[in-house]
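Participant: Going down the list, the protein sequences come from chains A and B.
Using our numbering, the first residue of the first sequence is number 128, and each one after it goes up by one.
Using our numbering, the first residue of the second sequence is number 128, and each one after it goes up by one.
Hints in this document: simulated from the structure, not taken from any laboratory.
Where hints are given, some of them may not hold.
No copy labels: a pair is met if it fits in one copy or bridges any two.
[As the list claims (entries may be wrong)] Simulated crosslink set (DSBU-like; lysine-lysine; CA at most 30 angstroms straight-line):
(1) Lys154 to Lys299
(2) Lys299 to Lys495
(3) Lys495 to Lys408
(4) Lys247 to Lys183
(5) Lys247 to Lys407
(6) Lys302 to Lys154
(7) Lys302 to Lys473
(8) Lys549 to Lys183
There are 2 protein chains.
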Amino acid sequence: MRPVTEFSDAELTALKEELTLRYEEAKAANLQLNMARGKPSAAQLDLSMELLTFPKSWTLSDGTDARNYGILDGIPECRNLFGELLGIRPEQIIIGGNASLNVMFDTMAFLNMFGTGGEKPWSFCKYEGHPVKFLCPVPGYDRHFTICEELGIEMIPVPLLADGPDMEIVTKLVKEDADIKGIWCVPLHANPQGTCYSDRVVSLLASMETAAPDFRIFWDNAYGVHHIYEEVPLMDILEACKNAGHPDRAYYFFSTSKITFPGAGIALTASSPANIAEIKKHMAAQTIGHDKLNQLRHVQFFQTPERIRQHMQKLADILRPKFDMVLDTLEAELGGSALASWSHPKGGYFVSLDTLPGCAKRTVALAKEAGVTLTGAGATYPYGQDPNDSNIRIAPSYPTPGELEQAVQILVLCIKIAGIDKLLHDRKN
Amino acid sequence: MRPVTEFSDAELTALKEELTLRYEEAKAANLQLNMARGKPSAAQLDLSMELLTFPKSWTLSDGTDARNYGILDGIPECRNLFGELLGIRPEQIIIGGNASLNVMFDTMAFLNMFGTGGEKPWSFCKYEGHPVKFLCPVPGYDRHFTICEELGIEMIPVPLLADGPDMEIVTKLVKEDADIKGIWCVPLHANPQGTCYSDRVVSLLASMETAAPDFRIFWDNAYGVHHIYEEVPLMDILEACKNAGHPDRAYYFFSTSKITFPGAGIALTASSPANIAEIKKHMAAQTIGHDKLNQLRHVQFFQTPERIRQHMQKLADILRPKFDMVLDTLEAELGGSALASWSHPKGGYFVSLDTLPGCAKRTVALAKEAGVTLTGAGATYPYGQDPNDSNIRIAPSYPTPGELEQAVQILVLCIKIAGIDKLLHDRKN
């Protein structure tokens with residue numbers, strides 16, 4: 128398709144009529160398709176069914192009966208397995224409950240209630256009229272933003288560039304403003320663009336000067352082993368922080384939510400020895416320990432990091448054709464049209480798409496009306512406010528291939544209709 | 128044994144010598160026995176092994192795939208089962224993670240961070256120099272006290288009488304002091320005395336006038352179906368609060384920790400519709416939902432409330448001989464001696480024993496030296512401070528019957544030695 132900007136008004140109007148006809152046909156089909164959330168498909172989940180046959184034994188290497196109380200930071204077998212997978216020392220890992228979101232919320236809540244490193248509780252800053260602020264690379268993950276919003280932490284959007292957050296802006300802000308106490312990062316196959324952080328960005332995040340002594344990086348490596356097209360390396364943030372003289376700067380999060388069963392997996396946090404000791408002290412008041420049988424279930428099912436990687440390859444084999452279909456369709460239908468641009472992820476769960484400015488909400492609404500549920504427009508921005516109203520997150524994983532094909536065709540149709548309407552409207556004014 | 132107070136000095140000294148000899152023999156045996164925590168025994172855990180063969184299907188009645196994301200407040204099947212068991216409407220129940228301790232901590236943390244019913248966050252009270260206070264019936268559960276201590280909530284001990292907290296003291300305190308914003312209650316087979324709350328006490332707790340509008344009862348019904356000798360009824364606290372015009376006063380907690388596998392079970396909270404809505408709002412920022420497969424595992428294993436009760440009977444059959452042994456030995460060895468008094472629980476996990484004043488720490492230390500680990504003396508009081516230094520919590524569940532017999536004999540020996548030493552010392556001064 129040639130750029131719509133080169134179309135005459137008459138051509139645009141004619142095209143719009145044709146598209147509207149096809150849109151009405153789509154609506155009449157009464158479809159119910161969902162591309163809203165990054166949910167694994169049933170086919171992916173089926174690959175983990177054997178997990179449910181474990182644990183087959185429950186006496187741990189140290190003699191502990193995993194069926195009973197105990198072990199605050201997770202069974203050694205589990206910390207070893209994921210430590211080896213992620214290149215983190217097991218003693219710097221705490222296995223959490225069933226989801227990293229919960230671990231992230233609790234970590235933020237602990238900072239809110241207790242502070243860290245001898246600094247005052249972050250809630251105290253709010254009480255004193257200087258609420259804590261967090262940097263949020265955008266577009267980003269809506270549930271990160273919800274944690275901040277719920278805890279009264281002000282969010283400052285910063286652009287996410289091709290190799291990570293815009294470090295020129297980030298380094299300047301954190302140096303100047305002591306209320307800025309952290310940044311959200313999804314360093315590999317970021318939600319939603321698929322961005323992977325370069326070594327340069329990781330080094331800068333670890334070494335940059337911050338006005339707040341208790342500045343913290345929330346390193347949500349949700350897609351750390353979720354490569355689809357290409358394995359992408361990632362610099363070790365904990366090591367980088369340590370080497371830069373800021374050993375306590377980063378909390379690392381990871382989970383098996385998109386490895387085995389979302390909500391029935393295990394999550395972990397990793398950090399410096401001082402941070403881990405601090406978290407364990409708070410945790411000791413909160414729990415006797417998380418679900419050791421589920422930890423053991425995962426250990427006995429996977430056995431080795433290598434087998435986790437093989438499992439991820441099988442999942443990638445299911446996801447790849449779906450991503451291919453989305454990307455190929457976008458290229459075939461919108462390539463060169465100037466109506467949209469989109470990301471080309473190497474892994475993760477999403478494609479990030481930008482419509483013409485002011486067209487995202489309309490596009491999502493049109494799709495909804497035609498039976499295709501997308502992530503709400505604006506959800507990828509703090510407070511749900513996309514200043515350009517242009518970003519749409521596409522989640523290709525959950526629908527079947529057949530459903531996905533229908534859904535993407537409808538999405539494309541809606542992008543075109545919304546975009547052409549906008550153009551015609553702009554030309555009139 | 129006749130009262131030691133009637134013994135002459137010479138008699139006491141002779142008795143002491145004999146006991147010390149036996150104590151040295153016990154020490155020489157190098158035992159390693161543990162009566163410290165309320166842990167189920169391996170024999171109890173063995174009764175739940177079939178649980179691990181579930182779930183055998185994962186499509187919920189509403190069509191949800193329980194293997195995937197979703198359902199914030201727990202699968203309906205699970206809320207129905209435990210709602211029926213406990214006489215609580217399913218829509219007033221939220222299924223939590225693997226332990227009620229975590230749910231209790233989080234509930235208290237939410238109050239701390241967000242407040243409730245439009246009142247200010249409890250952490251703000253602390254910043255304003257008026258820290259929130261909680262009433263703690265004593266002796267009580269150490270982990271309740273740890274939650275308060277960690278969150279900076281001041282604890283006021285109130286006596287636990289035969290049918291519940293001393294309501295004369297409680298009603299007076301909560302009426303006068305607006306900083307008192309709650310009370311911990313273990314209403315059935317209380318930890319450690321086995322006390323069961325009478326209808327009179329429950330009614331008073333529900334109806335009493337409190338200076339704090341956001342006064343809350345933390346109703347930890349940990350032993351709600353854990354009857355050993357006798358089924359004890361309990362008045363419905365949520366209904367009582369509602370009827371008394373304080374619908375939002377109570378949070379109800381329960382878990383399967385001592386029903387199936389501690390740490391690999393499920394927990395729940397129940398409260399008024401307004402409180403549940405408030406908690407769900409906070410929870411929505413914390414999690415997408417807890418482990419649905421483990422919820423389903425429990426539902427498919429138990430199927431009906433009746434089968435849970437039958438399961439509890441089997442567990443009671445294992446626990447009863449242990450409680451018999453402890454109570455019989457205490458009676459045989461210490462009955463009439465005036466050296467100790469103890470509770471006669473009808474269920475739960477503990478026997479509460481009081482030594483002569485000033486003898487608990489010494490007794491626990493003596494036992495430790497002879498290889499018997501008991502709950503630390505003082506642990507049953509806020510801040511670990513038993514003003515009389517007399518209370519010891521006995522947990523008979525974990526050791527095998529053979530180990531338990533040895534452990535109780537040593538405990539009795541230590542109680543006698545510490546008591547007689549104290550008497551002799553007092554007579555000298």
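Participant: For each hint, tell me whether it holds in the structure or not.
Facilitator: Checked hints:
no., hint, result
1, Lys154 to Lys299, "neither (49 angstroms within a copy, 67 angstroms between copies)"
2, Lys299 to Lys495, "neither (41 angstroms within a copy, 59 angstroms between copies)"
3, Lys495 to Lys408, "between (47 angstroms within a copy, 25 angstroms between copies)"
4, Lys247 to Lys183, "neither (46 angstroms within a copy, 49 angstroms between copies)"
5, Lys247 to Lys407, "both (18 angstroms within a copy, 28 angstroms between copies)"
6, Lys302 to Lys154, "neither (52 angstroms within a copy, 63 angstroms between copies)"
7, Lys302 to Lys473, "neither (33 angstroms within a copy, 63 angstroms between copies)"
8, Lys549 to Lys183, "neither (61 angstroms within a copy, 53 angstroms between copies)"
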